Amino acid sequence: MFNKKLLWMMLAAILLIFAACGPSDSADTEDTPDNSTEDTATETEEGSEDNEMEAESEEATLTLWHIETGPSEEAIETAVQRFEENNPNVTVEVSQQENDPYKSQLSVAMGGGNPPDIFHSWGGGWLKQFVDSDQVVDITDSVDASIYNEAALSVSTFDDQIYGAPVSMDVVPVFYNKDMFEEYGLEEPETYQDLLDIVQTLTDNDVTPFALANQTKWTGSFYLMYLAERIGGPELFNEAFERSGRTFDDEAYVEAGSKIQELVDMGAFPEGVNGMNYDTGQSRQMLYTESAAMMTMGGWLVNNVRDEMPEFEEKLGFFLFPSVEGGEGAKNHVVGGVSPVFSVAQQSEHPEIAAELVNELASLETATEMSNNAGSISAVNGVEYEDSYIQEMSELLESSEAMQTYYDQTLPPELAQVHLDTTQALFGLSTTPEEAMAEVEASAQEVIEE
Amino acid sequence: MNRSQEVSLDTVRSGVRKKKKNKDTWAIIGFIAPAFIIYGVYVIYSIFMTFYYSMFDWTGIDANMVFLGLENYVRLFQDGVFWTSIQNNFLLVIASLFTQLPIGLIMALLLFSPIKGMRLFRSVYFMPFLMSTVAIGILFIFIYEGNYGLLNAVLGAIGLESLQTAWIGKESTAIWAVIATVCWQFAPFYMILFRATIVGIPEELYEAADIDGASGWQRFKSITLPLLMPIIITSAILSVIGSLKYFDLIYVMTGGGPNNSTELMATYMYKQTFTNFNMGYGSSISFSMFIIALIVTVFILLGDRSRRGNE
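Protein chains in written order, with the numbering used here: chain A, 1 to 450; chain B, 1 to 311.
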């Protein structure tokens, strides 16, 4: 008897606490004082103007999450400083996040109702997921769309509304060590057969041809994206994604998969490639120590090199992934993407001020600094490149006839995960290309056609 | 007269007792309530909410929840990766029970041997448990590395080139490499538990055994081990539950890969919930984890009770 009573009292106490924590309650308390003050106050426009004035001069703290490192991080910090000087009432808390856990951290923060005011993304399917859930502010009216590169802005534009402002773009070339190529008498490949010959020469000399850390998965995905494009042409992915023609289990995808496994069999990648992590620098170490000669990686590799081993930069050359004989793609089609894209979270308390900060982050000044110091192509028009590297990269992008955005950023997250998992399995030789592609297609039917 | 006096005395006494009891009740509630409320909110309530969420198709970031009933569980039982993760969890449970506890016990016993510099060994043995899990994870990633890792270099130096492999890059070896690291990290924890208990065993028992001419092994078998039994049971429960809920090192070292071969229930739940935006499905994994851990714990406790009953 006694125990039961006690139990009931505690349960009642818990219920009371939940009632107090309920979300509806807090909304009520927010509403009521507003209404009452408005009602009792002068009830004229003057009163509301006063309130607005107050709101503008009010102290505001914004949080910004980004994932930049090295020189691009500095560019972000300078932009924030400029913003704080122009807006003395605003304090910006900048929080740098690690690349891989960032995605889950942001979704936890969004779901938990405590997201940063301004957040980084890569546009595409991942950002769209948040847009679809009403978590992102439509900033079409606050940004000047005309200053941005059209292709770059397209990754954060959904239904003609802009949900994020791009700062930089990247292309993914094959980087190589010029000294080592010279040592073994190698030249930049024109065709896939040339590339296979290079791989053969390098393995004969006990050099790992490609440095690749594929625990991270998106790193290996570059090879699949390039091979699929070179075999199936630039429309292959769009047709499969938009369900308007070829599908993810198309012959071109299967062939791309078997070409990857052919490379694995030749020893083109390091031992245990699926256990190595890009973020801890395992593949770059191989490049720096000259135990590997090439690496298919985004232009940000230059940024990493300048940060980690500046003297290596002079040895670094790059070429575009060669075309495959008989394939529909061409050598001047690039895989690339946009990063960072900055967006404002719907739950932000100061969305207008946050949108201003987005404008500062995605300004010509920031883009110029990032391009010249960090090796990324500007997404803002009119940057004059000082850096010869980036000049070259930018020309590469301008001269390319087609740009394929990263699958894992473009596809909806669940399908992206299947793509990444199956590609990793291909590298581990634990699945056949047919099986892998059938799995992606099955998931696509489930996720996209829903 | 007499009788009525007794009765009245009784009622007075019971009245006093009742009053005292009431006072106690409030004191007890006062002491229990704060902890119980926190426990209720963060454990009991969360368990029910997990089950509630598991019946929906929900991304976790928006307001749109579609009721599915138990469909998530049906899907779960047909999900190959989930079965792999259960299998890995039980591998980890078995490995933890049969390596961490014995190694912990051996290390605890070693610490009582009369060797100079014992205090140094004690610190060294305990060190792994003091290191942060992420640091351990990254350290072992480099040790297991296939191309320039320490482990392969050692194998090469002692002429075992044939055993060299990319330990965490291969599906067949990855889970064992991580399990070995987990055991390395946690064995010292049990060592400290066992050592503390052994210190508490009365010296007289050993003296008596010496007088009876007991050998070292007999002393261990008949005194140390029986007196350690309760703490061994406790450690076993901690170890089993810990292994069923394990997450950290897998997340740091392999991220569940390659090709889901090292996925545990907790890492798979995390992946589904936060990477794939399947809060509902993730919750069903989470709730299944809870049920499995609950069943296992009940079995261990029942086993322990029958053991005590036998004694």
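To be clear, the hints were calculated from the coordinates, so they are not data collected in a lab.
The structure displayed is predicted, hence computed values, not measured ones.
Hints are supplied without guarantee of correctness; some may be wrong.
Said to hold, decoys possible - If you want the footprint, here are the derived chain A segments under chain B, 3+ residues with CB under 8 angstroms:
(1) 100 to 110
(2) 261 to 273
(3) 381 to 389
To be verified - Some residues of chain B that are not near chain A, with every Cβ distance over 10 angstroms (derived):
(4) Glu71
(5) Met131
(6) Ile168
(7) Ile198
(8) Val199
(9) Tyr270
(10) Asn310
Positions of the beta carbon are idealized from the N, C-alpha and C atoms, including for glycine.
Comparing the hints with the structure gives:
no.	hint	result
1	100 to 110	holds (count 6)
2	261 to 273	holds (count 4)
3	381 to 389	violated (count 0)
4	Glu71	14 angstroms, holds
5	Met131	17 angstroms, holds
6	Ile168	4 angstroms, violated
7	Ile198	39 angstroms, holds
8	Val199	38 angstroms, holds
9	Tyr270	7 angstroms, violated
10	Asn310	31 angstroms, holds
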